[in-house]
Amino acid sequence: KQEVTQIPAALSVPEGENLVLNCSFTDSAIYNLQWFRQDPGKGLTSLLLIQSSQREQTSGRLNASLDKSSGRSTLYIAASQPGDSATYLCAVRGHTGGTSYGKLTFGQGTILTVHP
Amino acid sequence: DGGITQSPKYLFRKEGQNVTLSCEQNLNHDAMYWYRQDPGQGLRLIYYSQIVNDFQKGDIAEGYSVSREKKESFPLTVTSAQKNPTAFYLCASRRGAEDTQYFGPGTRLTVL
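Each protein sequence line maps, in turn, to chains A and B.
Each residue of the first sequence is one higher than the one before, starting from 1 at the first, in the numbering used here.
Each residue of the second sequence is one higher than the one before, starting from 1001 at the first, in the numbering used here.
Keep in mind that the hints were calculated from the coordinates and are not lab data.
We put the beta carbon where it would ideally sit given N, CA and C, even for glycine.
Please note that the accuracy of each hint is not assured.
[Claimed, not checked] Partner residues are not named here, just some residues of chain A that face chain B (Cβ under 7 Å, in silico):
1. L49
2. S52
3. R72
[What the hints assert, rightly or not] With the C-beta cut set under 10 Å, the calculated list includes, among others, these residues of chain A facing chain B:
4. P8
5. S28
6. N32
7. F36
8. Q38
9. G43
10. Q51
11. Q54
12. R55
13. A91
14. R93
15. T105
16. F106
17. I111
Go ahead and model the full structure; you've got the sequences and the hints to work with.
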């Protein structure tokens, strides 16, 4: 059974700092990995999706890397801003015997606070 | 303006009652999903549907039921058999050939 773990559970940084969020998964047979952002009391917004054949994806100040063999992914946020404050969730989609329903297994999230 | 809507935003239920959470999408997506989120935890899959008139149990389906009579609608009923229903419920959809799931704004259910 796939398990996804995110470290740290919470992170507080001053504005402008570069930071790294970590995600690890137990079964390396994944189809892809996704990073989501969730604001308090809201739904999820997809930030980056990395296919299993890719090593990284970039969007603006965000860069996500994937090391499938070691079961790890990192989300790098450059020059953090107070508006980046949110919960960041990592989710993996596994190969499931040919089905394509796209089941995602989520980590518990990292709560990020960027203070001015 | 395409997207996923969930209603109501907040829902209160007395013990022993069934309640139904609404999820509607106008993205023309085939697949739809229901997740439950508890404080400090990730999302857990309750039910999913790949196509109209078909749905499958997820990891925590006990005490829940769904229907998929229309492509754009996937309502979730929380029955009295669900022992601890207080949680944040999120609906999502995905186009058949696309990997990203799009999420609604969620419904917070509280049992009084």
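Give me the numbers of the hints this structure contradicts, sorted from smallest to largest.
Hint check: 2, 3, 4, 5, 11, 12 fail, others pass.
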